[in-house]
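Please put together the full structure from these sequences, using the hints given.
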Amino acid sequence: MKNLTKIFFFFSFLFVYSCSQTIPNLSYVKKEVVSYYESGGYNKEVEEVVNNAIGQFKSVETSDSSAVIFDVDDTALSYYELGKSISFGYVPELWDKWVDEETVPAIPQVKKLYDFLTQRGFKIIFLSGRKEYNYNGTIRNLNSAGYTQFDTLIVRSRDEYEITAVDYKSSKRVELTARSYIIVGTIGDQWSDLEGSYHGIQVKIPNYIYCIE
122 MKNLTKIFFF FSFLFVYSCS QTIPNLSYVK KEVVSYYESG GYNKEVEEVV NNAIGQFKSV
182 ETSDSSAVIF DVDDTALSYY ELGKSISFGY VPELWDKWVD EETVPAIPQV KKLYDFLTQR
242 GFKIIFLSGR KEYNYNGTIR NLNSAGYTQF DTLIVRSRDE YEITAVDYKS SKRVELTARS
302 YIIVGTIGDQ WSDLEGSYHG IQVKIPNYIY CIE
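The working numbering numbers the first residue of the sequence shown as 122 and each following residue consecutively.
Incorrect hints may have been included.
[Unchecked claim] Cβ-Cβ distance ranges computed for the label pairs, FRET-style:
1) Y157 <-> V295: 31 to 37 Å
2) Q323 <-> S265: 24 to 30 Å
3) E182 <-> S265: 30 to 36 Å
4) I284 <-> N172: 32 to 38 Å
Worth flagging that the hints you see were computed from the coordinates, not collected in a lab.
Note that the structure is predicted; figures quoted are calculated from it, not measured.
Glycine residues also receive a C-beta, built at the ideal position from the N, C-alpha and C atoms.
Encoded structure:
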């Protein structure tokens with residue numbers, strides 16, 4: 122997802138191994154991930170991350186220029202169930218279909234953070250690795266999931282398709298800062314969402330399914 126340069130699979134569950142050690146079977150690793158997500162472990166972890174973030178943002182003063190940046194996929198919106206339905210693979214045609222159907226749900230804990238920030242008066246900016254032809258579908262899906270109040274959505278233009286996620290998102294934050302936004306926080310499920318210039322408070326949403334660099 123995101124910029125679609127996905128590095129599969131579940132590296133956080135793989136042990137550092139030597140020649141004498143055995144690489145875990147992928148089917149077993151997938152089962153471990155499903156168990157973690159569906160037994161309450163994932164929800165508890167996200168809740169802890171969000172509550173900690175709310176505590177940090179409470180101490181930040183708001184101004185007319187204060188902005189918080191949210192990633193979209195597996196940050197604001199959860200693709201877990203859809204991904205599980207295809208064994209956590211990637212099928213471009215299905216991905217575009219899911220975007221067009223506007224049915225991807227919010228991650229409830231992240232929506233809680235969004236609600237807190239909008240009530241405090243922070244401007245919300247969605248910065249996504251999706252491509253420009255996904256723009257309208259993304260707007261509709263965000264709205265249908267309850268994200269109805271935000272300043273702007275940024276997606277990749279055609280000449281940005283090949284830029285790495287960290288360079289793309291960092292460059293967009295530089296542009297936003299040049300437009301007089303004061304970025305006080307960034308929320309994302311990948312470290313590439315959070316690293317680079319002008320990130321403010323970094324809120325890392327757990328993701329044990331894929332990694333984007």
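Evaluated hints:
Taking the beta carbon of each, Y157 and V295 are about 36 Å apart, inside 31 to 37 Å as hinted. In this structure the supplied range 24 to 30 Å holds for Q323 paired with S265, their Cβ-Cβ distance being about 28 Å. Here the CB-CB span from E182 to S265 is close to 33 Å, well matched to the stated 30 to 36 Å. A C-beta distance of roughly 34 Å is found between I284 and N172, which places it inside the suggested range of 32 to 38 Å.
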